[in-house]
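K.L.:
Using the sequences and the accompanying hints, generate a full structural model.
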Amino acid sequence: MSDMPSRPAGSETPPAGAGAETPPEAIKAIKLRHPWRMVLAIVLAAIAVLFIIDAAVNRPVYNWPEVGKYLFDVRVIEAAGYTLQLTIYSMVIAILLGVVLAVMRLSPNPVVKSVAWAYLWLFRGTPVYVQLVFWGLIGVIYKTIDVGIPFTEPWVSFDTGELFSYFFLAVIGLALNEAAYMAEIVRAGLLAVDKGQDEAATALGLGWWHTMSRVILPQAMRVIIPPTGNEVISMLKTTSLVTAVPFSLELFTRTSDIAAKTYQPVPMLIVASIWYLAITSILMVGQYYLEKHFAKGVDQRPAPQRPTVATSATAAVEPGELPGAVPPSNRPGGGA
Amino acid sequence: MNAAETPMVKAEAVSKAFGSNTVLRSISLEVKRGEVLCLVGPSGSGKSTFLRCINHLETVSAGRLSVDGSLVGYRQHGDKIYELHPKDAAKQRRDIGMVFQRFNLFPHMTAVENVMLAPTLLKKGQPKGQVKARALELLARVGLADRSDYYPSQLSGGQQQRVAIARALAMEPKLMLFDEPTSALDPELVGEVLEVMKGLAKSGMTMIVVTHEMGFAREVADTLVFMDGGVVVESGDPREVLSNPQHQRTRAFLSKVL
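Quick note, the sequences are listed as chains G and B, same order. Here the first sequence is numbered in my numbering, starting from 1 and rising by one per residue. Here the second sequence is numbered in my numbering, starting from 1 and rising by one per residue.
Hints are supplied without guarantee of correctness; some may be wrong.
To be verified - Calculated pairs, DSSO-like style, for lysine-lysine (alpha carbon to alpha carbon, straight line, at most 30 angstroms):
#, chain 1, residue 1, chain 2, residue 2
1, B, Lys-128, G, Lys-292
2, G, Lys-195, B, Lys-174
3, G, Lys-113, B, Lys-91
4, B, Lys-123, G, Lys-296
5, G, Lys-195, B, Lys-128
6, B, Lys-87, G, Lys-113
7, G, Lys-195, B, Lys-132
8, G, Lys-296, B, Lys-132
9, G, Lys-195, B, Lys-87
10, G, Lys-195, B, Lys-91
11, G, Lys-296, B, Lys-124
12, B, Lys-174, B, Lys-87
13, B, Lys-132, G, Lys-292
14, B, Lys-202, B, Lys-32
15, B, Lys-198, G, Lys-195
16, G, Lys-195, B, Lys-123
17, G, Lys-195, B, Lys-124
18, B, Lys-10, G, Lys-195
19, B, Lys-174, B, Lys-128
20, B, Lys-174, B, Lys-80
21, B, Lys-128, G, Lys-296
As the list claims (entries may be wrong) - Stretch by stretch, here's where chain G covers chain B in the computed footprint (C-beta under 8 angstroms, at least three residues):
#, stretch
22, 86–93
23, 100–109
24, 116–130
25, 151–163
Hints listed in this document are in silico derivations from the structure and should not be mistaken for laboratory results. Glycine residues also receive a C-beta, built at the ideal position from the N, C-alpha and C atoms.
P.N.:
Dropping the structure here:
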């Protein structure tokens with residue numbers, strides 16, 4: 001609709017294609033000035049520059065050479081690797097379990113629904129630090145895991161302390177806690193999908209699994225991914241709590257341990273922070289591409305199913321397009 | 001009775017209640033093979049609910065409803081009636097195509113992917129190339145050969161509804177249900193959808209159409225059924241019913257829509 005005919009403003013919108021005359025003159029307005037914006041920008045920039053200069057020159061406690069020395073220390077790189085592994089493993093488990101819990105919460109079966117609800121209540125209602133300490137003590141609470149018929153002699157018996165490493169317990173502890181939050185995110189995503197989608201898939205004869213995996217979940221992903229990205233980044237930092245298990249090879253605990261020897265806590269905190277920031281940045285890039293993938297067929301905002309408004313702009317029925325295409329030969333303006 | 005004489009749809013005293021709210025009261029009607037039946041009536045008259053009962057999107061509370069000789073959603077063994085397993089109910093639905101008022105196209109798939117979805121998943125063993133060729137053929141049939149790679153959001157309402165018709169035809173149904181297929185469309189886009197439906201009717205498809213398009217009903221339908229308050233008030237030849245309604249309620253309704 002670029003060809004607006006030159007008519008006085010306020011007249012009725014002309015029929016499309018009527019504007020072959022000269023286009024109207026573009027508006028040459030004097031730009032509105034915002035002097036206070038400029039002042040604010042200058043003040044903020046000045047504060048930032050001052051802070052950076054001060055940090056570089058006046059604060060020996062930062063000890064930048066020390067930061068440089070340890071930034072790529074083998075122990076630190078290994079620790080970053082552990083942190084990344086803890087994040088990825090626990091998030092993968094949490095997402096899968098979260099989907100299961102979300103589906104359980106939407107189940108018509110009251111027992112299934114209550115179990116999911118109770119899980120959420122328990123794992124969201126207690127601090128993750130407390131849960132991690134519990135997981136660390138599992139060897140004390142459950143000394144062995146027995147397989148067999150209850151109240152009879154077990155067939156096989158595992159020693160819990162030998163079976164589970166602290167790394168494994170840390171992953172489980174983080175994952176089970178996170179699953180409770182993921183369940184709510186997934187549930188929100190599933191509820192955001194138009195009910196008509198479910199009906200259309202059902203009417204085509206698709207079963208529950210196909211409807212879920214091909215129709216509902218792919219659309220729910222658009223709603224699920226942004227908060228999940230949030231959770232991944234949050235998880236990256238929550239891994240610093242697994243020292244409660246105790247698992248001590250991840251980034252924060254490892255750098256703290258080094259600092260305990262060098263008596264220089266601040267540079268090691270900076271080293272850890274730089275690594276956390278670097279990993280977060282990489283994760284954000286990944287999230288961007290995931291969001292793009294699942295935005296297929298959708299504009300920036302979720303378009304409501306009602307199509308009437310936007311139609312004429314994108315694909316108004318070109319008069320030449322229909323006659324040959326529609327099977328019955330004559331197509332006058334419709335039924336009546 | 002041989003297969004050719006079995007009516008495609010047979011409803012005997014079908015009733016439906018949502019809790020204490022009775023929506024359908026003892027509906028009895030028959031749709032023969034190749035017949036087009038138009039259901040008209042004021043909103044809330046139960047016509048959409050009845051349509052949804054036919055492919056078991058809603059369950060019937062009383063009476064018998066069968067499609068092509070077999071009960072919808074149930075299985076009869078002697079004098080006992082068993083609920084169908086969801087898998088078998090899904091299988092039953094594959095023979096029944098449905099078109100919705102709001103299209104309900106899958107927005108994350110292109111037009112051709114929408115049409116291909118059900119056959120790809122359900123007709124195992126058919127090579128993908130063949131499924132796609134068939135889908136493109138169907139899109140051409142509804143006049144959208146050149147729009148196969150467009151997402152629903154890039155199509156006009158009329159085009160979306162035509163894709164929805166192609167999608168419903170993809171499983172080669174023996175019966176097509178239309179639930180107010182043109183009610184959500186701009187007036188100028190109604191014609192193209194009705195045209196496709198007329199073509200479908202001419203090709204011999206059995207159709208049940210809930211509609212407010214009396215012109216379409218007059219021209220295409222073999223039978224017109226007027227419903228109000230969950231009962232069939234009047235039915236018969238559409239020209240007959242439309243020009244000479246017998247009941248006061250039919251007359252009152254038609255005087256408002258015609």
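K.L.:
Taking the hints in turn, state whether each one holds.
P.N.:
Tested hints:
1. Of the pairs offered as hints, the one joining Lys-128(B) and Lys-292(G) holds, with about 27 angstroms between alpha carbons and a cut-off of 30 angstroms not exceeded.
2. Proposed proximity of Lys-195(G) and Lys-174(B) is supported: the alpha carbons are some 26 angstroms apart, at most 30 angstroms.
3. Under the criterion of a C-alpha separation no larger than 30 angstroms, the hint pairing Lys-113(G) with Lys-91(B) is consistent with the structure, at around 28 angstroms.
4. Between Lys-123(B) and Lys-296(G) the alpha-carbon distance is near 26 angstroms, which keeps this suggested pair within the 30 angstroms criterion.
5. Our distance criterion of 30 angstroms between C-alpha atoms is met by Lys-195(G) and Lys-128(B), whose separation comes to about 29 angstroms.
6. Pair hint Lys-87(B) plus Lys-113(G) holds up; C-alpha atoms about 23 angstroms apart against a cutoff of 30 angstroms.
7. For the suggested pair Lys-195(G) and Lys-132(B), the alpha carbons sit about 27 angstroms apart, so the restraint of at most 30 angstroms is met.
8. With a C-alpha separation of about 20 angstroms, the suggested pair Lys-296(G) and Lys-132(B) falls inside the 30 angstroms cut-off, and the hint holds.
9. A C-alpha spacing of about 20 angstroms is found between Lys-195(G) and Lys-87(B), which places the hinted pair at or below 30 angstroms, so the restraint holds.
10. Our distance criterion of 30 angstroms between C-alpha atoms is met by Lys-195(G) and Lys-91(B), whose separation comes to about 21 angstroms.
11. Pair hint Lys-296(G) plus Lys-124(B) holds up; C-alpha atoms about 26 angstroms apart against a cutoff of 30 angstroms.
12. Between Lys-174(B) and Lys-87(B) the alpha-carbon distance is near 19 angstroms, which keeps this suggested pair within the 30 angstroms criterion.
13. Simply put, Lys-132(B) and Lys-292(G) have alpha-carbon atoms about 26 angstroms apart, close enough for the 30 angstroms limit, and the pair holds.
14. The suggested pairing of Lys-202(B) with Lys-32(B) holds, with an alpha-carbon distance near 15 angstroms, which does not exceed 30 angstroms.
15. A threshold of 30 angstroms between alpha carbons decides the hint, and for Lys-198(B) with Lys-195(G) the separation of about 29 angstroms falls inside it, so the pair holds.
16. Simply put, Lys-195(G) and Lys-123(B) have alpha-carbon atoms about 25 angstroms apart, close enough for the 30 angstroms limit, and the pair holds.
17. At most 30 angstroms may separate the alpha-carbon atoms for a hinted pair to count; Lys-195(G) and Lys-124(B) meet this at roughly 27 angstroms.
18. Taken as a hint, the Lys-10(B) and Lys-195(G) pair is honoured in the structure, with Cα atoms around 29 angstroms apart against an allowance of 30 angstroms.
19. With a C-alpha separation of about 23 angstroms, the suggested pairing of Lys-174(B) with Lys-128(B) holds against the 30 angstroms cut-off.
20. A distance of roughly 27 angstroms separates the Cα atoms of Lys-174(B) and Lys-80(B); the hinted pair therefore holds under the 30 angstroms criterion.
21. Using a Cα cut-off of 30 angstroms, the hinted pair Lys-128(B) and Lys-296(G) holds, with the two alpha carbons roughly 22 angstroms apart.
22. A count of 6 residues in the stretch 86–93 of chain B with a Cβ less than 8 angstroms from any Cβ of chain G is obtained; the coverage claim is therefore met, three being the minimum.
23. With 9 residues having a Cβ less than 8 angstroms from any Cβ of chain G, the stretch 100–109 of chain B passes the three-residue criterion, so the hint holds.
24. A count of 4 residues in the stretch 116–130 of chain B with a Cβ less than 8 angstroms from any Cβ of chain G is obtained; the coverage claim is therefore met, three being the minimum.
25. Restraint check on the stretch 151–163 of chain B versus chain G: 10 residues with Cβ-Cβ distances below 8 angstroms, three needed, restraint holds.
Of the numbered hints listed earlier, not one is contradicted by the structure.
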